[in-house]
Each structure stands twice: as C-alpha cells, then as structure tokens.
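There are 2 protein chains.
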Amino acid sequence: MTISIAHLGPPGTYAEQAAVFYVNWLTEKTGIEAILCPYPSIAQSLQAVAARHTQLAVVPVENSIEGSVTMTMDTLWQLDNLQIQLALVMPIAHAFISCANSLDGIKTVYSHPQALAQCQGWLEQFLPTVQLIPTNSTTEALQRLEQELTTAAIASSRAAQLYKLPILASNINDYPENCTRFWVVSQKEAQTFDHTPSIHATHTSLAFSVPANLPGALVKLLQVFAQLEINLSRIESRPTKRSLGEYLFFIDMEADASEARVQSALAELKIHTEVLKILGAYNVLSINAV
Amino acid sequence: MTISIAHLGPPGTYAEQAAVFYVNWLTEKTGIEAILCPYPSIAQSLQAVAARHTQLAVVPVENSIEGSVTMTMDTLWQLDNLQIQLALVMPIAHAFISCANSLDGIKTVYSHPQALAQCQGWLEQFLPTVQLIPTNSTTEALQRLEQELTTAAIASSRAAQLYKLPILASNINDYPENCTRFWVVSQKEAQTFDHTPSIHATHTSLAFSVPANLPGALVKLLQVFAQLEINLSRIESRPTKRSLGEYLFFIDMEADASEARVQSALAELKIHTEVLKILGAYNVLSINAV
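Chains A and B are the protein sequences, given in the same order. Residue numbering for the first sequence follows my numbering, starting at 1 and increasing by one per position. Residue numbering for the second sequence follows my numbering, starting at 291 and increasing by one per position.
Excised from the complex, chain A in its bound form (with noise of 0.2 Å):
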C-alpha cells in the first residue's frame, strides 16, 4: 500500500523533514509505503487532502519561540472533513547558508518570517546592519540565494544538503530549545494509518466560536473543563474575521475524546458555543534531533 502526505514545499522545508521521519516511522511499523507531494503554502496542503488529492498532510501548528501557525487554525477551521491523526515535536536547528567566505560582506539575508524571527538575536550580534528579506518558505531563500557573495540564507543544515550549498554557521537560533509541533491530519472518515486504533488517545483538540458580543462566555466556557478536572494544555483565539473583538477559541486538552468526562464537557460546550469542532484525538510522536 503506498499513501500520498501533503506538506509545504519545495523539499528542505521543515514541513517536509516532518513529513520524511514520519513516513519512515510508519512504513518501520506498518510496511506502508508513502510518496511527498510538496504544496507552495500550508492552506492548499490541507486543502489537498479536503479534496482527496492525497490521503494525509503534514502541517505545522506551532513553534516554541514564534507561537502558532494561523494559516494552519485558519485553514483547519474552514474546512469541514479533516480530523488530525498524530502530534510530531521535531526540534529546529538553523543554519547560516551562503557562498560566501565569511560575514563580512554579507548584505542581504533571505528567510521564512518565523526562521528570521527565531535568529534575531544572533543577526543583530553578527549582521546588525544586514537587510532581512522574507520569503514563503526556507526553501525558497535558498533558491534566491545567488553565487555573489553578498547575499546568504536561513534554513535547516539538512537544506544546505540537498542544494548543496555551503554552511557557514550552524545552530544560530537564539533559544536551543527551539521545537515545531505538526500535525498530520487526514479526511474524517479515513482509517488510522498507524494501525493503533486510539485505545487511549492523549490529547483532543477543540475548536468554537461563540455568539457575537458576549464577553465572559470563555469564562464559563473554561469552568467547564475546570469543574471536570480536565487540563488544558493549549488556548488560542482567533479572530472569526466579522468584526474585530468577536474570536473563535482553539483548546488542546489533555484528554482523550472517549472519556466520559470529556463526552460530558462536549455536552455542556455543544449549549454555549455557536459552531463546535472536534479537530481530533492523537498521540503525541517526539523527533529525535536530526
């Protein structure tokens, strides 16, 4: 059985290391087979699996340092079919990528926003004078990168490998602990992959709106869980894009999907929210430093 799994492109992407280690987990445990279809932007990879052009994607959600990926809640909370399978934690290493010889004369650093906000620190120490240039993906600064020697690039050493390109600096992310959490996520009615039927499930993911000008109704929504003892690892708003002060609400709690006291809460929610999402229940796969 060989599946499709969707995720950011071109390959060198963080997105797509994600999407490699899990592919090769699956096919360790299960014997399935899976080929990388790389997307130029998170929404159409999720999009891709909406319309069945392949059967997963890999997406980020968040990064230690930069916080959530909103194109991913976003995108997630538009589209009706999807439900995540799996939680990866992979940590983020970047590298220093030029042609150059040096520093010195380096005047132009293209990267992904979060990549170049994840490095300030450090390029305001070596390069404080240096011209930051955003780009979609990390992948895409290293294909601006050009043979003069004034312009270099930020993204991962495995990157600098694949377009043979030179490293200059590695590790030059200002917090070492710096990790992404993805998710893999799959039509709705789709089989788990990794024949682990959720027997136990540590963490379901939420998302809600809840009706316009009512201010306080997070609260009462939140005594919820409080009242059933159930943790919240995760809070997020998001604007609902109508008017500015209204928000959906993205929870992660530690629980899984099929407890009665998680099935109780759903109840109480289903009451006093306007629309409610079940996003998923999974497991949580840390990614060994690569």
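Quick caveat, the hints were computed from the structure, so don't treat them as lab data. Watch out, some of these pointers could steer you wrong.
Unchecked claim - Below, computed lysine to any residue pairings styled on SDA-like, alpha-carbon distance capped at 20 Å:
hint: 1; chain 1: A; residue 1: Lys277; chain 2: A; residue 2: Met73
hint: 2; chain 1: B; residue 1: Lys510; chain 2: A; residue 2: Met73
hint: 3; chain 1: A; residue 1: Lys241; chain 2: B; residue 2: Tyr465
hint: 4; chain 1: B; residue 1: Lys454; chain 2: B; residue 2: Glu436
hint: 5; chain 1: B; residue 1: Lys531; chain 2: A; residue 2: Lys277
What the hints assert, rightly or not - Partner residues are not named here, just some residues of chain A that face chain B (Cβ under 10 Å, in silico):
hint: 6; residue: Ile65
hint: 7; residue: Met71
hint: 8; residue: Pro239
hint: 9; residue: Arg261
hint: 10; residue: Ser264
hint: 11; residue: Glu268
Idealized CB from N, CA, C, for every residue including glycine.
Put chain B on the given structure of chain A with help from the hints.
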C-alpha cells in the same frame, strides 16, 4: 509643547496613518504638537520609547481578520517601563497600486504579509497565477514597484497619493469590516498627554506567566475574573520561548484598574502567577474612515 511619536515607517504605513490621526486629535484637543519618527520595525518603535528617544509610540495590536500582531505583544512583555495610554480603532481599506493600465500582465504583487493575507480571495479571483512577495511594510512594497508594467503593490490609497502612484482597484480586502486596533504607548511614569486623567478607563490590559508544568492554571486564573464579574474582551497566549507548551497570557478586561473588583482580581492573580504586568488602563478612540 512638541512631543515625538515613533511608528513603523516609512511614511505611508497604516501605523503612520493612525499616528497622524492621533496627532490631529491631540493638537485640536490640547494644543500639543507632535513630530512623527518612522522606525524600520514595530519592536524598534517601542524600544525608542523605552530608551526615551521618543515620548510615544503608536503600534498595531490586532487586526480583525489576521489577528494579533505578535511582535507588539512580545516586545511589550520584554520591555519594563512602558504603559498603554489609549487604544485607536481604524478601518483598513487596501488599494491595488500599479503603473500598469490593467490587471492583465501583472506577474508580481508586493505587500506586507498581513495585507496579502487580507486580500487573498481577491487575488485568487483576479490574479490566480501571480507571484506574491512579502515585504516588511506596505510602504516598502510601493518602493519595490518599478516603472515596468508587470509589478503591483497592496497598500492604502493614502500611501498611493503620498508616493504619487496610480490606484488600479480600491477596497480590495476580502472582508469589508476590516479594522486594526493600535495602542498609543508611553513611558510608565509619563503624564497622559490628552489631559483627561483616567477617571474611568474602559479597558485594562494585563500580561502574566504561570509557573511551568501547571496545566489548568489558566482556568483557575480565569475563574478569578468570572467570580468578580469582570468581562474579558480578549485573551491571547504567546509562547514563553523556554519550552513548547509554556505560555504567557495577555488579557484585556472591560474595567478600570482602579475599581475595587479589579484590585481584588490583581491581588489574587499575584499569588498564582510567576510574573504579572499591568500594561495600562485606557479608553478607546474610533477613527472614522479616512
């Protein structure tokens, strides 16, 4: 009296437009005049106030479509001696700016990532194959416009007028109710320049971190507000940058910091939080369409 106000530059950005509105309002009300000081980033605008290079900064906090401006939240958390004086809510209308005579033949569109995201539906409808290139500000996008007829930029119509560039289409945002909220920020001990000592501020903003590995702590803290019947108009989480799953929280209360119930809430919060910052008590000024 003349004061100086930092904002994201160059002139023509939405932050500058909000600052110009604030200056006109302030001058009319108090006679105080102001000079505007453009800075290359939001972080540098706030750092200018902290370092006493300017008296005020006007910074974007949140857009109704694209959500929080994380750079503003993270910098306010890092700097210690700042306070919010006033909130400004400004409608945002994007224009499509190019030297071309029509949309045919446009191959590249430059703009700030927030503006590109706010017009993605329009772009997909009229220019589905165009290349989108992010820039550090909407004004920088205009500076990238060449005389050649294959490039365009998204910025305000005011910016197009400032730089004497033609507008090909107006109001191209996907959602007509597009607003951005700005904060006017001063040093902590500064007088309120509008000379209305906040007898009753409508909003108070807080930021706090909770001790590590304490999921559910947020629920306990939110119960404090619920029990004291303090409405929250916004709650945002940001990573602590220490490790994945550890968050700071930013909360906007619909109450004045001087009210007894708010004082009770703050006393309670001090016990359960690691660091608690009161970012300011302030009123909200709506900017009419400009």
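In ascending order, which of the hints set out earlier in this document are inconsistent with the structure?
2, 5, 9, 10 and 11
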